[in-house]
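If you read the sequences in order, they're chains A and B.
Number 284 in UniProt numbering belongs to position 284 of the first sequence; there are no gaps in the numbering.
Number 386 in UniProt numbering belongs to position 386 of the second sequence; there are no gaps in the numbering.
It is possible that some hints are incorrect.
Claimed, not checked - Quick list of in silico lysine-lysine cross-link-like pairs, DSS-like style, CA-CA up to 30 Å:
| hint | chain 1 | residue 1 | chain 2 | residue 2 |
| --- | --- | --- | --- | --- |
| 1 | B | K16 | B | K6 |
| 2 | B | K16 | A | K148 |
| 3 | B | K280 | A | K22 |
| 4 | A | K22 | B | K130 |
| 5 | A | K235 | A | K342 |
| 6 | A | K220 | B | K366 |
| 7 | B | K134 | A | K22 |
| 8 | A | K130 | B | K134 |
| 9 | B | K6 | B | K17 |
| 10 | A | K280 | B | K16 |
| 11 | A | K130 | B | K280 |
| 12 | B | K366 | B | K335 |
| 13 | A | K130 | B | K22 |
| 14 | A | K17 | B | K130 |
If you are wondering where the hints come from, they were derived from the structure by calculation, not from laboratory data.
Here is how the chains run, residue by residue.
Protein chains: 2
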Amino acid sequence: MALRPKFDPETHGLNKKFRLTKYTGLHGGGCKVPDVLVKLLHELGSNQYHDEQYIGGMIMPRLGIGLDCCVIPLRFGGLSLLQTTDFFYPLIDDPYMMGKIACANVLSDLYAVGVTECDNMLMLLGVSSKFTEKERDTVIPLMIHGFKDSAEEAGTSITGGQTVLNPWCLIGGVATTVCQQNEFIMPDNAVPGDVLVLTKPLGTQVACNAHQWLEQRNDKWNRIKLIVSEDEVEKAYHDAMFNMARLNRTASQLMHTFNSHGATDVTGFGILGHAANLAKQQRNEVNFVIHNLPCIAKMSAIAKACGNMFGLLQGTSAETSGGLLICLPREQAAKYCAEIKKVEGNQAWIIGIVEAGSRTARIIDKPRVIEVQTLEDGTVQSVPPTTT
Amino acid sequence: MALRPKFDPETHGLNKKFRLTKYTGLHGGGCKVPDVLVKLLHELGSNQYHDEQYIGGMIMPRLGIGLDCCVIPLRFGGLSLLQTTDFFYPLIDDPYMMGKIACANVLSDLYAVGVTECDNMLMLLGVSSKFTEKERDTVIPLMIHGFKDSAEEAGTSITGGQTVLNPWCLIGGVATTVCQQNEFIMPDNAVPGDVLVLTKPLGTQVACNAHQWLEQRNDKWNRIKLIVSEDEVEKAYHDAMFNMARLNRTASQLMHTFNSHGATDVTGFGILGHAANLAKQQRNEVNFVIHNLPCIAKMSAIAKACGNMFGLLQGTSAETSGGLLICLPREQAAKYCAEIKKVEGNQAWIIGIVEAGSRTARIIDKPRVIEVQTLEDGTVQSVPPTTT
Chain A
1 MALRPKFDPE THGLNKKFRL TKYTGLHGGG CKVPDVLVKL LHELGSNQYH DEQYIGGMIM
61 PRLGIGLDCC VIPLRFGGLS LLQTTDFFYP LIDDPYMMGK IACANVLSDL YAVGVTECDN
121 MLMLLGVSSK FTEKERDTVI PLMIHGFKDS AEEAGTSITG GQTVLNPWCL IGGVATTVCQ
181 QNEFIMPDNA VPGDVLVLTK PLGTQVACNA HQWLEQRNDK WNRIKLIVSE DEVEKAYHDA
241 MFNMARLNRT ASQLMHTFNS HGATDVTGFG ILGHAANLAK QQRNEVNFVI HNLPCIAKMS
301 AIAKACGNMF GLLQGTSAET SGGLLICLPR EQAAKYCAEI KKVEGNQAWI IGIVEAGSRT
361 ARIIDKPRVI EVQTLEDGTV QSVPPTTT
Chain B
1 MALRPKFDPE THGLNKKFRL TKYTGLHGGG CKVPDVLVKL LHELGSNQYH DEQYIGGMIM
61 PRLGIGLDCC VIPLRFGGLS LLQTTDFFYP LIDDPYMMGK IACANVLSDL YAVGVTECDN
121 MLMLLGVSSK FTEKERDTVI PLMIHGFKDS AEEAGTSITG GQTVLNPWCL IGGVATTVCQ
181 QNEFIMPDNA VPGDVLVLTK PLGTQVACNA HQWLEQRNDK WNRIKLIVSE DEVEKAYHDA
241 MFNMARLNRT ASQLMHTFNS HGATDVTGFG ILGHAANLAK QQRNEVNFVI HNLPCIAKMS
301 AIAKACGNMF GLLQGTSAET SGGLLICLPR EQAAKYCAEI KKVEGNQAWI IGIVEAGSRT
361 ARIIDKPRVI EVQTLEDGTV QSVPPTTT
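Please build the complete structure, drawing on both the sequences and the hints.
Written as structure tokens, this is what we have:
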């Protein structure tokens, strides 16, 4: 694929040193506050977590806080309300792509429960109080356009939202759908023998950080420049950006076709954190064991060079708008991956198994790292390991 | 009413100088960015503004961005999705009451369209990165409790949300409902001869600011201290806090009983700004003319002493979680006010009229200011004007 040209502030009339990522102290999925979140969940009553309700003669599933999306039974004929919200700070410098990523990221929570049609989106926007007027009037419309274009690509639209001034630039949204029970897949039916499929490579945070170090030519760049070239970092950053902006919609549609037993999307808590959350939700006594880690090319090498800084190979590196992690019957998984490849052109990976256990998740010692790249034709594929 | 004791940081183990309102540079409804919002609306396509759709053999109303709440026709038997979001920064120092206000404020957008049952709320939370750990662990649970208690009072619950670290403390939410057409009132049917009713007094921002000046004993306090006593400012702040935390739910229910022709809630753009927005939405060629301004006692005196700073008497002073501004048939308005008083004990006021015109709003020269106070029994009432 021809690389999207880097966002050039000067062609937009901005100072050439303008960087969107400077308008925050935290980036992307890394801005989540897990310990506070845990307390918050406690405050709101963890009994809501997972439940069933008998409404209008039907047993209706209810899903509370803790996974991606809430499922609220409605009083009308077996319908449920599914909704989710997410917002965060810029982690890349291209405002248009940042808008697309924010939109893909919030929709991903619906996609994780097999919902492919979103009835409405709200957009949440924090305009940095540190923007000049010119910066504001350039950057914000680009972000909005990106968000809107992705919403259209997803077949939905944005009706409503809130915009505030804030020290840090902030973008996110709310995605809501009303649907029947057969239109969503509760994320709680994994059985021993299932396998785990992942639909996007890991390493988005590593790529964004490495790119920032390259730009700043700082000490960290000096540490990794023996391992990766500038071009490789630029390419990884570009690939990360496009992976984050990619919708998990096809991945979600195919969950129905291939009888998925439940899924989650991979974001701020890393692959292992989200696998653990999903494991905790299961009705059956199962463990998730991850053997393979598909990573944006060169990101595992960078992560290794940085010691424990990212936790990429430990599964704890934050991702933004990551792939779906899907439980599938063993005999369906390869077909699922083949079909996603046929429809979208992109590779998905069988990364682990579901075994009997006590609802936890782990990564095996020395997991296999699969290097992943976006090709000339725009599709995402594994690449043969190189010697570096 | 016995005054709620002031939030005392020391009884919570915090430094006595801790003030929640210091964790933001902007307060409440004042943080909205009207010009950016206008551009945003333009970006999202103002053709969504107001429309009808023919779905499943029914004409279904659709309401886009610009008023309080969007109305999205669903594909299921005449049902509509109504939702709204709002978030802002602390404008009072009591974290529990701040949580209640944030909840009342977001629900108010549903109440404005006559929706009294909310199917789900999401809570949006920004934990100030400047909080100490102790401050965070004290303040955030109190805010969550306040939000949750008001949600329960409203007969709904919070399932989902997002929490991020942010320089400024931030709180808000999303309120969503699915209902039939007869359960909501489109805000577009005012006719000449209607009158305008307001369900909460104005002046919340003036009260919060005056209270801050009193605490800081600054120049502005020196300017107003000849006009108001410390006790009067404390009382006004207290009244403002309770008015902001009060749900507009009864006000909304009674809109159905008394055949309301549409309503809006009064927040960041002030009474005139919201009246103008509502006027713009009308199907009929009408103007809204405001004659009376019910204000928290002493706030008009402060506003006058501060020149054009607030615009309270010009109708432009920002409110947070203000009352509903309701169009009612003339013969129903007094009955509406009497009934709200009977049910809640609180006064509502006829403040203006609807006349033939070109969909604008104005305040007459020298509007009558009605001084309003919360009484010992907790109800909100007009008080006879005093000589000050």
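For the pair supplied as a hint, A/K280 and B/K16, is the alpha-carbon distance within the 30 Å limit?
-> Not satisfied, since the Cα-Cα distance of roughly 42 Å exceeds 30 Å.
Going straight from one Cα to the other, do A/K130 and B/K22 come out at no more than 30 Å?
-> holds, 18 Å
Under the criterion that the straight-line Cα-Cα distance not exceed 30 Å, is the pair A/K17, B/K130 satisfied?
-> Roughly 28 Å separates the two Cα atoms, so the pair holds.
Would the pair A/K130 and B/K134 pass a check requiring their Cα atoms to be no farther apart than 30 Å?
-> holds, 29 Å
30 Å Cα cutoff - pair B/K16, A/K148 | violated, 47 Å
Take the C-alpha atoms of B/K16 and B/K6, compute the straight-line distance between them, and say whether it is at most 30 Å.
-> It holds: about 12 Å lies between the C-alpha atoms, which stays within 30 Å.
Are the Cα atoms of A/K235 and A/K342 separated by 30 Å or less?
-> holds, 25 Å
Take a quick look at whether A/K22 and B/K130 sit within 30 Å of each other, Cα to Cα.
-> holds, 18 Å
Are B/K366 and B/K335 close enough, with their CA atoms no more than 30 Å apart?
-> Within the cut-off at roughly 27 Å; holds.
Quickly compare the C-alpha distance for A/K130 and B/K280 to 30 Å and report which way the hint goes.
-> violated, 33 Å
Does B/K17 lie within 30 Å of B/K6 when you go C-alpha to C-alpha?
-> With Cα atoms ~13 Å apart, B/K6 and B/K17 stay inside 30 Å; holds.
Are A/K220 and B/K366 close enough, with their CA atoms no more than 30 Å apart?
-> violated, 66 Å
In this structure, the earlier hints numbered 2, 3, 6, 10 and 11 are contradicted, and the remaining ones agree with it.
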